[in-house]
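Participant: Here is how the chains run, residue by residue.
Protein chains: 2
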Amino acid sequence: MPYFDVASSAPLHPVARQALQASLDEGWADPARLYREGRRARLLLDAAREAAADAVGCRPDELSFTSSGTRSVHSGIAGALAGRRRVGRHLVVSAVEHSSVLHAAAALEADGGTVTEVPVDRAGAVPSASYAAALRPDTALACLQSANHEVGTEQPVADVASACRAAGVPLLVDAAQSLPWGRVGGEWSLLAASAHKWGGPAGVGLLVVRKGVRFAPQGPADERESGRAPGFENIPAVVAAAASLRAVQAEAAEEGARLRELTERIRARVPGLVPDVEVVGDPVRRLPHLVTFSCLYVDGETVLHELDRAGFSVSSGSSCTSSTLTPSHVLKAMGVLSEGNVRVSLPRGTQEADVERFLDVLPGVVAGVREQLGAPEAPTSGAESASLVVDALGKRCPLPVIELAKVIGDVPVGGTVTVLADDEAARLDIPAWCQMRGQEYVGEEPADHGAAYVVRRSS
Amino acid sequence: MPYFDVASSAPLHPVARQALQASLDEGWADPARLYREGRRARLLLDAAREAAADAVGCRPDELSFTSSGTRSVHSGIAGALAGRRRVGRHLVVSAVEHSSVLHAAAALEADGGTVTEVPVDRAGAVPSASYAAALRPDTALACLQSANHEVGTEQPVADVASACRAAGVPLLVDAAQSLPWGRVGGEWSLLAASAHKWGGPAGVGLLVVRKGVRFAPQGPADERESGRAPGFENIPAVVAAAASLRAVQAEAAEEGARLRELTERIRARVPGLVPDVEVVGDPVRRLPHLVTFSCLYVDGETVLHELDRAGFSVSSGSSCTSSTLTPSHVLKAMGVLSEGNVRVSLPRGTQEADVERFLDVLPGVVAGVREQLGAPEAPTSGAESASLVVDALGKRCPLPVIELAKVIGDVPVGGTVTVLADDEAARLDIPAWCQMRGQEYVGEEPADHGAAYVVRRSS
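Each protein sequence line maps, in turn, to chains H and W.
The working numbering numbers the first residue of the first sequence as 1 and each following residue consecutively.
The working numbering numbers the first residue of the second sequence as 1 and each following residue consecutively.
Extracted from the complex, chain H is given alone in its bound form (with noise of 0.2 Å):
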């Protein structure tokens, strides 16, 4: 029962696991007691923080440990911003950061800041020519993630962190997704980082201070971890998170190889295995266990339960799978398809027979999906009419894009195609379909309900 889910959380890595066990005799005391107890606790809270420090490469008096990633972003969005509030109240992000600081920006923006969103390229990187434009005097912080967490596009960050050193801003770095594959090179200022995203524990957080950095940490005063995360410390899981990203980082390369290896043959694959596809993300520069397509005239909750009962865990940033029914915001900003959208992360470890058998499960599943929902196999070639409307109000992703697809063929060339649509991924997924089907777009105009999306046949 493969699970192919590892960018949402990884099993227990066995270094984790035995270092917890080890761990929760020796380190359930509180470090700041000067007993025996309260003293073994404290060695191994600062041999994990030595070790951690080493794998981030940073001193070991600029890492504190949090309970979470996203308290890590958190509280180090929360840190700098006030450490700067002489400097301003502006915040950079790239469009596909995290949910955890576009969150962070919102608070911002909620108390009376200002955020500035660098749009990414069709790959989901952000130029870093655009990211230093963004860059302001009153600018106080920048973040930028190491790697996107839904396509696997690594971020220029060495080059907007020199950037930055150069604007006098400094650059936070999300790194919850590469950390385990390596330090992040360049001159960053701060970095945040997850645990259970590599195979340690949940509860365990990074959050790098470089030292010089301006940093007021908010929030009630707390002693511990340099008052940059209140509550008692989770020595047992410390030590497993800290021994563990040691255990993944040695085997980085030969297993980042190994994985780089599968994912592009899903890659390749995939598009000639299943029509309509359009795989996303940069097929280079990109995390080498991660890769995401999507699949028109699907929905993204169909295909994960089909998936799902094939015996495959994936994810999807298609909105049907989503309570806020709104698409992926990193799709979004990508300005690719969001439907039918299936991200394959690999654990560790993955066996190449698992991967073939997903390849051969795929096609059978996608079919599937799209015969339920009356997918166009084919258009037709009748052109009958040299306008026409398709009524989708009230119907959720991928219809809106299936009654198009059914209809294009009875317009003649050069004509349209008017999609009424109240879905809000209709928005993302009708373009986007123009894109992959050689039609253009027209525009989206003003509807009594929804809007209305014009499409105009080409071929």
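Just so you know, the hints here were simulated from the structure itself, not pulled from any lab data.
Everything hinted at is true.
It does not matter which identical chain is used: a pair holds within one copy or between any two.
In the SDA-like style, the derived pairs of lysine to any residue whose C-alpha atoms are separated by at most 25 Å in a straight line are: (1) K395 / L34; (2) K332 / E223; (3) K332 / L34; (4) K332 / T114.
In this text, all values refer to a predicted model and were calculated from it rather than measured experimentally.
Following the hints, position chain W against chain H.
Facilitator: Chain W in isolation, oriented as in the chain H frame:
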């Protein structure tokens, strides 16, 4: 090697260890995911929430798991204050709350709110009438611990909760010390607790917000745990926390009675075994496992160190063990002696023989420290001068009190000794010494450096 500091942190309970290990394989996935690993994690999380809610006596949807007791307190206070912002920005706390509560109160004050600290009696209990009198029309929230962490005194939570309810003010109970001994009675509105205090793992706090309580989570949005605890759920630890809470509560009546007998033995015998000792805290309305006493003429750090050498791990509220050089705010609020303070808190399963051995060892340890410091064995008798001035500037606790005790016999009854001291602990310990030794504390006078404490010999 007996560990007598369970009020700081408890060793992992066997049930917690078992539950933790059993859920490491089942609880690592994201419980928001729909695939089987996610569903399994969700089942564990839901079951843990049911179990913890049952132990607290609340509905499962009222209980969130946070990353620590401190986080529960900080988030609970911030959310409740924000939820009643329109009522006002006044907070009521007792003077002997845990530092996490007082730090949250300080953060409110720094942000323009107001705080009333309700004084306690000499036993450390807040009189419910005083607490009720502190409630105002603009009071947004009231906080009260269920039992004190330093001296074990139980607070009148049910009475205070009634007063709060009558005033329309929500009451947050910090139940960190008492929850392992049973549910907190009374109609409280919010409750905070910490798993490592009852033998659960570190990294888990409970935050309960009763239905109908206005609550607005602060900080960046996060969809997990009803928006009250951002970050990926730490499910194995949560499962272990809930299971061990039920286990300790099930043993509470029997084990509580047994430990109460052992702490009673310490309370009763220490004053006879060690001269010049004050046992502090309520002798009856108290936690079963905790006893605290202060010894004149010794410093807490040296006593702790010597007890550690003798194999006993205990804690102290004396200034000498703290990095701040100020004595425990709890002892200060009670107006009792802070020097030579020793807190003994027995873990479950503590053997009678270990307590007896502690009672055997303690007198020699205290005598040894007193000898090192040159403490007076008995007051000298010659009355040479009607008033004396002792310069203890630059001398740390307990030296100013030792200097006072050395010369009190040198003035006649009715004569005065003035102690010049700049150690903050002297302000608490000189009056406490007077009360213990039947001498009259005249008062404090300003001096060029520090303060001048005037004592009149009465006997």
